[in-house]
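Engineer: So the sequence lines, in the order shown, correspond to chains L and Z. Numbering follows my numbering, with no gaps: position 219 of the first sequence is 219. Numbering follows my numbering, with no gaps: position 108 of the second sequence is 108.
Calculated from the structure, these hints are not laboratory results. All values reported here derive from a predicted model rather than from experimental measurement. Just so you know, not all the hints are guaranteed correct.
[Said to hold, decoys possible] Keeping only pairs whose Cα atoms sit at most 27 Å apart, straight-line, the calculated BS3-like set for lysine-lysine is:
(1) L:Lys306 - Z:Lys121
(2) Z:Lys100 - Z:Lys152
(3) Z:Lys148 - Z:Lys65
(4) Z:Lys148 - Z:Lys128
(5) L:Lys64 - L:Lys11
(6) L:Lys60 - Z:Lys42
(7) Z:Lys152 - Z:Lys128
(8) L:Lys306 - Z:Lys18
(9) Z:Lys69 - Z:Lys121
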Amino acid sequence: MLEYMTILIIKTLVAFAVSLLIVAYSTWIERKVLGHVQLRHGPLRVGFHGLLQPIADGIKGFFKEELIPDNADKPLFLLAPIISIGASVTLIVIVPFGDKITLFGREITLYLTDLDVGILFVLGISTIGSYGGILGGWSSGNKYGVIGGLRGSAQMISYELSLALAVIAVVMVSGSLSLIDIVNSQTGLWNIVKQPFAFVLFIICGLAELNRTPFDMPEAEAELACGFNVEYSSMKFALFFMAEYCHMFVFAALVTTLFLGGWHGPFVDGPHWFFLKSFAIIFFCVWERSTFPRLRYDQVMSFGWKILLPFGLLNILLTGLWMLVFNM
Amino acid sequence: MADKDYVLNITDRRPTGKYITPILKGLGYTLKNFFSKPITIKYPTERREVSDRWRGLHRLKVDEKGALKCVACGLCAKICPPQAITIVPYEEAGKTRYPKEFVIDELRCIFCGFCQEACPKDAIELTKVYDFVDYERKDFIFDIEKLKNPEKYIFNGK
Chain L
1 MLEYMTILII
11 KTLVAFAVSL
21 LIVAYSTWIE
31 RKVLGHVQLR
41 HGPLRVGFHG
51 LLQPIADGIK
61 GFFKEELIPD
71 NADKPLFLLA
81 PIISIGASVT
91 LIVIVPFGDK
101 ITLFGREITL
111 YLTDLDVGIL
121 FVLGISTIGS
131 YGGILGGWSS
141 GNKYGVIGGL
151 RGSAQMISYE
161 LSLALAVIAV
171 VMVSGSLSLI
181 DIVNSQTGLW
191 NIVKQPFAFV
201 LFIICGLAEL
211 NRTPFDMPEA
221 EAELACGFNV
231 EYSSMKFALF
241 FMAEYCHMFV
251 FAALVTTLFL
261 GGWHGPFVDG
271 PHWFFLKSFA
281 IIFFCVWERS
291 TFPRLRYDQV
301 MSFGWKILLP
311 FGLLNILLTG
321 LWMLVFNM
Chain Z
1 MADKDYVLNI
11 TDRRPTGKYI
21 TPILKGLGYT
31 LKNFFSKPIT
41 IKYPTERREV
51 SDRWRGLHRL
61 KVDEKGALKC
71 VACGLCAKIC
81 PPQAITIVPY
91 EEAGKTRYPK
101 EFVIDELRCI
111 FCGFCQEACP
121 KDAIELTKVY
131 DFVDYERKDF
141 IFDIEKLKNP
151 EKYIFNGK
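Only chain Z is shown next, with the shape it has when bound in the complex:
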């Protein structure tokens, strides 16, 4: 750290008789800081890169044809510790099951990532979106449409 010279463990607190040099040293230090680049960023327009393992809002993945990968097996809902996932499956004879309703209550969710781990079809993942804000509780209950594109809900300062 650059601050090392200035943070001292002083045990003897009697006056040292040195006043002028420490004052000038301190003024120099603050002036140096004044001309150096701020370390804070202008969030929401600038944002820090988060880890690839970041666990943010959920995304329901779709395949090449645009259909949901999810087969509504219910494993994610089963493993979910706060029981934030509700699935209503739909099944027709001879076709793959798909979820009629897939609802995640983002206020209940603890972002543990178990749903992602449990999914046999790799259909659900946690994205890097960490700053979704809204005014009402009902806006935090995400249905299939919202879950398909969570990047839409990144906070933009408005």
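The following block holds chain L by itself, in its conformation from the complex:
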């Protein structure tokens, strides 16, 4: 029992440390890639090619002055960033980094838990995370914040549906809700080959869930002056920021798990494939951000409801027919 507990605690610490390190450095990737796409250099001064920039940013976040607006709803205002970061960090629990390995004569699994309803857990918790943004915008007593929060909630409802539809198609093919089983079902053929449309759907809806650029309605720098987090300063803003990037890492991990075969790959299976694929997805997130302009709000809504939702339903229907005909 004691041995089990010790292994679990060490595993948790390592998993969270690695994940948060990746989260910190994805901000560096973002700034560097955006810089190079815009023919700039990006961060250069702090450390070798700006490698210490995330740490410098964190320290700066701690030492900035904190402001709470007079007409803010103080308890909710303080709670919002906690919900945001709490929900996104919780999601790291289900990320399957790799399969079992043997270390010091003990068999250790490279994931924290194997929930039977893993993917449902992800969908649920990530929805709770969006409460952070909504409450933050609402409680800050700022009109931009309220509009940002409302837009966030509307977008979340619209795109969560299509996201779930994309996931359902994967679950139908894999026959399990557990992320580990989903990965193991892709040993021979990745789900991206079996479910290309669900993959596209998942990417689009995931970007909307992440509030990334073609769908960054809640933030909308140009119209809403940063939207829901407009009144936040110092570490509370940094928590929102971290939550966003943590969400991005979890999204990358999910795409890897659901569609790209998780830790499976050519030559040797292992966590290196997982990290490689996740970084490719993170790179894609930054790349598409540098490419696309923001959609108009009504365009986002009509795209979500009129195109993605029927598309997702049709995909499920076709998957079902396929499975019925070929007796899978």
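We have chain L already, so just place chain Z on it with the hints.
Structural biologist: Relative to chain L, chain Z alone:
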């Protein structure tokens, strides 16, 4: 310009029905940019070459013996539009005049280059130093010693 294909004058803004190809085209364009060399430079360690006619900080030239070429005639001070130059001449019988004090207030100076044009002895010139920075006003008042070697005051990032 390489951007020519992407900057279009669109007057008809009805949906064209084309979505996938423009998206892929755009992604390709940004990826191409990502792998090309940045056009910005790492100033102060790298700096752009400025024109030979650049008018930066002043230099008082010296001759082969290390003495100032200036004879303190005062023409530069006379022509200077913002009156940034102050000269106190020194004269001894039988010797060439030289400036006892030659002070340029670099904050007043408008870098027009008239002093360089007016000088009969070719004793003052404008160098290419364009990024002198300091904290106090008095540091911008350059005396003879500072004016002899303006390159010392190039900004190095410290």
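Engineer: Could you grab the alpha-carbon distance between Z:Lys152 and Z:Lys128 and see if it respects the 27 Å cut-off?
Structural biologist: 12 Å, holds
Engineer: Does Z:Lys128 sit within 27 Å of Z:Lys148, going by the straight-line distance between their CA atoms?
Structural biologist: Given pair Z:Lys148, Z:Lys128 holds - Cα atoms ~14 Å apart, limit 27 Å.
Engineer: Does the alpha-carbon distance linking Z:Lys148 and Z:Lys65 stay inside the 27 Å limit?
Structural biologist: At roughly 14 Å apart (the allowed maximum being 27 Å), Z:Lys65 and Z:Lys148 satisfy the hint.
Engineer: Does the alpha-carbon distance linking L:Lys60 and Z:Lys42 stay inside the 27 Å limit?
Structural biologist: Distance ~24 Å between L:Lys60 and Z:Lys42 Cα, so the pair holds.
Engineer: Z:Lys69 and Z:Lys121: Cα distance at most 27 Å?
Structural biologist: 7 Å, holds
Engineer: Is the hinted pair Z:Lys100 and Z:Lys152 satisfied, with a Cα-Cα distance of at most 27 Å?
Structural biologist: Given pair Z:Lys100, Z:Lys152 holds - Cα atoms ~22 Å apart, limit 27 Å.
Engineer: Next pair to validate is L:Lys306 with Z:Lys18; report whether the Cα-Cα distance is within 27 Å.
Structural biologist: 17 Å, holds
Engineer: Take a quick look at whether L:Lys306 and Z:Lys121 sit within 27 Å of each other, Cα to Cα.
Structural biologist: 82 Å, violated
Engineer: Run the distance test for L:Lys64 versus L:Lys11: straight-line Cα separation, threshold 27 Å.
Structural biologist: Given pair L:Lys64, L:Lys11 is violated - Cα atoms ~33 Å apart, limit 27 Å.
Violated hints for the displayed structure, listed by number in ascending order: 1 and 5.
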